[in-house]
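J.: Let the hints inform the model, and build the full structure from the sequences given.
If you're matching them up, the sequences are chains Y and B in order.
Numbered per the numbering used here, the first sequence spans residues 1 to 643.
Numbered per the numbering used here, the second sequence spans residues 644 to 906.
Source of the hints: derived by calculation from the structure; they are not laboratory data.
Source: prediction; values computed, not measured.
Some hints could be false.
As the list claims (entries may be wrong) - Cross-link-like lysine-lysine pairs, in silico, DSS-like; alpha carbons within 25 Å at most:
no.	chain 1	residue 1	chain 2	residue 2
1	Y	630	B	840
2	Y	437	Y	136
3	B	840	Y	579
4	Y	34	B	670
Stated by the list, open to error - Take a look, some chain Y residues computed to stay more than 12 Å from chain B by CB distance:
no.	residue
5	146
6	343
7	526
8	572
9	606
10	616
Ideal placement from N, C-alpha and C gives every residue a C-beta, glycine not left out.
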Amino acid sequence: MESNILQNGNVTFPVLMLENARRYGEKKIAYREKDLGIWQSYSWQVSLEQSRDLANGLASLGFKRGDKMVVVGDNRPQLYWGMMAAQCLGGVPVPLYQDSIEREMEYVVKHADARFALVEDQEQADKLLNIKENCKDLEYIIYGDPRGLRNYDQPYLFSYEKVQEMGRKFAQENPNYFQEEIDKGSEEDLAIICYTSGTTGQPKGVMLTHRNFIETSTKFSDYEGLNANDSVIAYLPMAWVGDFFLSYGLALTSGITVSCPEGSATVLSNIREIGPTYFFAPPRIWENLLTSVMIRMEDASWIKRKLFHYFMGLASRMQRGGYSSSLLKALDAAMYQLGRIVVYGPLKDSMGLSKIRIAITAGEAIGPEIFAFFRSLGINLKQLYGSTEASVFVSQQTNDDIRDDTCGPPMPWVDLKISEDGEVLFKSPGVFKGYYKNEQATKDTLIDGWVHTGDAGFIDPDGHLKIIDRIQDVSTLTTGTMFAPKYIENKLKFSPFIKEAVTVGMDRPYVTAMINIDLDAVGNWSERRNLNHTSYTDLAQKPEIYDLIGEEVRRVNQNLAEDEQLKGAQINKFLILHKELDPDDEEITRTRKVRRGFIGEKYADLINAMYSDKSHVEVKAQVTFEDGRKSTINADLQIRSME
Amino acid sequence: MNAENNGRGAEPLLQVENISLSFGGLKALDSVSLEVRKGEVLGIIGPNGAGKTSMLNVINGVYHPQEGRILFEGKDRTTMRPHEVAASGVARTFQNVGLFKAMTTLDNLLAGRNLFMKKNILLQAIYFGPAQREEIRQREKVEEIIDFLEIQNLRRLPVGALPYGLQKRVELGRALAQEPKLLLLDEPMAGMNMEEKQDMCRFIIDTNEQLGTTIALIEHDMAVVMDICDRIIVLDHGAKIAEGSPDEVRNNPEVIRAYLGDE
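T.: Here it is, written out as structure tokens:
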């Protein structure tokens, strides 16, 4: 972004939109979307017209400054334009998780006093229509895809096109309205309210201003050298602050092109078609990519398998370094060049990562093996520690100093310190305005301009930030050993066979774990060994699977034993749960964070059994089908002791 | 939903008049008459061996009845062969999925467009000039169906490797690729789990409402039939024993007897 606009003051996203349309016009693509099997391109000029017509249409429906509009659906240009339209009129978009159930949506719609809702399709429209009665502020629902909605005749339900048509009529009568409203905007206006799904209690609405985001995005682009030639793929949930930054903030401040995949099931193949240059993903996605490569390699011919393993071994040797002789090093370096043609290049291409300049993993700790795999392929994968309250960025690894267990030094524009009780605190231009309608929480979190993250961590001698766990979760066993549940769970989850894990130990004599297996990876493993299974529950209770997971637990215990402080916190007993932890059942959040308190109550029987001398425990669980019918399943869970 | 209530289905699209069909001494259909009205979803139900699939096979030209006649859009077509029936605008799916298992979803759907491909096979083989333009046109239509049925992620996968529920969906897509006026579905939900059934119901309703396709379907799941059909015809031992709205049929004593047996 040219600095002159930013110096003029009062830069808002709508101002950037006008500027991009003026500068790039029809020549540059802002958004792409795959529709009917073809990538459709929308220039900055088209994007401006789309948002303008919609904004005028909203105005004709009585949209006022400060109004909230919830936005819900998969990543679609229409929805991004809708957010822009709301901002043009001085309104605030409030994105929701598209897989939220009605009750969750109702809470946010009510709490945000949303008057408008913009939804992708019938599925989301149905949810909002069902909760509308309880949400007295909600007046209008606008949908993008008309499919299945033809026979709906609610007077407050409009199609996107219809609202745009109303907008064009409105503009004829009020030709200057749109520009005047943009001119009224201030950089201190709210740009978005992101509801974070807390692991305790109700979600909180994080209020972020235009300045928060524009300053952060601009600084970040300068820092990483992102420009209008870069391209990203918009596949993260729109309700996550990371997507707003990536698919909206960066597009507007730096002109990068944003591509929206066809649907959630086609993301991986769409990534390959687009070849993004900047890629932002939680560890789960990197794991999925690695797992899919590994499964494919197991099925490949032996010569391919041999080549793959030889060159991956070579790459990780190079990655580790520490050669005893320079001849060996030169030899490996020469072979690495060959490997680029034979293995690394084709592999990166098949994952759609051949054009990647910068790749980020954020949200959770990533497994060292997974991290090393992508690094050794020559992908510039870096770890980031961020938070919604910071407009994403707190700290990130630099290009020349990568470690697998730190989150790197603070970003140049962030001040970072550790409080006396070991809590991570930060201050930056991206710091949020507060939680919407929740002054108490704001007061508890934002103290003298410092955000209290609730994460326990420390800064190592080289200035890198290391995160241990949520500060409230760190406790001690009755033996006095420190117990950091997430630290151990992450180590468990680094195994491809373990999808989710919950450890227990606070005020207990030893540590126990409840484990979810990864159905794909374990299913594939057992198929290879001719172990048939009918369902998750059935597979999970097979003794062979307990042996398999037992090995993984043993590996984690060995790892813990190496640490003087933590060797007393090894896992003593574990069981494999009969069902997968599910956000619909409130066991984990939509961003897959474990809700410890809830699980502790729900599975109290299982936990108590692990602290008795039982070798198995009966469990009755209620399953809810999609249509609301319920049934109970009974399972007998084994408890495996590690001694 | 009742056909009379929403004003649909007044005009007959297909009339079957006094059809009788025997295999040797076995009478599969005994002087059955029925009509499928434009725009409706008609359910054909009945116990095992009632003659439901035979009825579809007669409509679609696989079997030729010994007696009676069939009018489609007012024209007699009693003796038409299956491909002629297809060309006249009747498409169907089968009880046990009739797809080319080794071919991809995309190719299966393109095969459904065969009726519309007019260029000669040589030009098609070298993918040249008019044949190329034609294929692009067909592909557009196929892409609309892929979008309609939400199977974008299956485009390049061989259908034989797909789960059963998805194969059924691809088969529906192949039938839709023919742009039929009348769509015959032979047990579209058989062997599906609850979620797959719900999806299929939604696609059938969408096909009827949005594409305006008239549908006649055979189905065993009563909840489904009562839910999505405008009208129901009940067959038993090759004869029609009842006809009417879901409510009428549900309470018809003949039907209850056929299903539950005599007291």
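J.: Confirm or reject each hint.
T.: Okay, the hints, checked on the actual structure:
With a C-alpha separation of about 17 Å, the suggested pair residue 630 of chain Y and residue 840 of chain B falls inside the 25 Å cut-off, and the hint holds. A distance of roughly 17 Å separates the Cα atoms of residue 437 of chain Y and residue 136 of chain Y; the hinted pair therefore holds under the 25 Å criterion. Taken as a hint, the residue 840 of chain B and residue 579 of chain Y pair is honoured in the structure, with Cα atoms around 23 Å apart against an allowance of 25 Å. About 54 Å separates the Cα atoms of residue 34 of chain Y and residue 670 of chain B, which puts this hinted pair outside 25 Å; it is violated.
Chain B draws residue 146 of chain Y into its interface by the beta-carbon criterion, the shortest separation being 9 Å against a cut-off of 12 Å. With a least beta-carbon separation of about 24 Å from chain B, residue 343 of chain Y lies farther than 12 Å from that chain, consistent with its non-interface assignment. Interface exclusion of residue 526 of chain Y from chain B stands, the closest Cβ pair being 18 Å apart, more than 12 Å. Annotated as non-interface, residue 572 of chain Y keeps its C-beta farther than 12 Å from every C-beta of chain B; the closest such distance is 39 Å.
The beta carbon of residue 606 of chain Y is kept farther than 12 Å from every beta carbon of chain B, the shortest such distance being approximately 28 Å. At roughly 29 Å, the least C-beta separation between residue 616 of chain Y and chain B is larger than 12 Å, which holds for a residue marked as non-interface.
Hints 4, 5, counting from the list given before, are not met by this structure.
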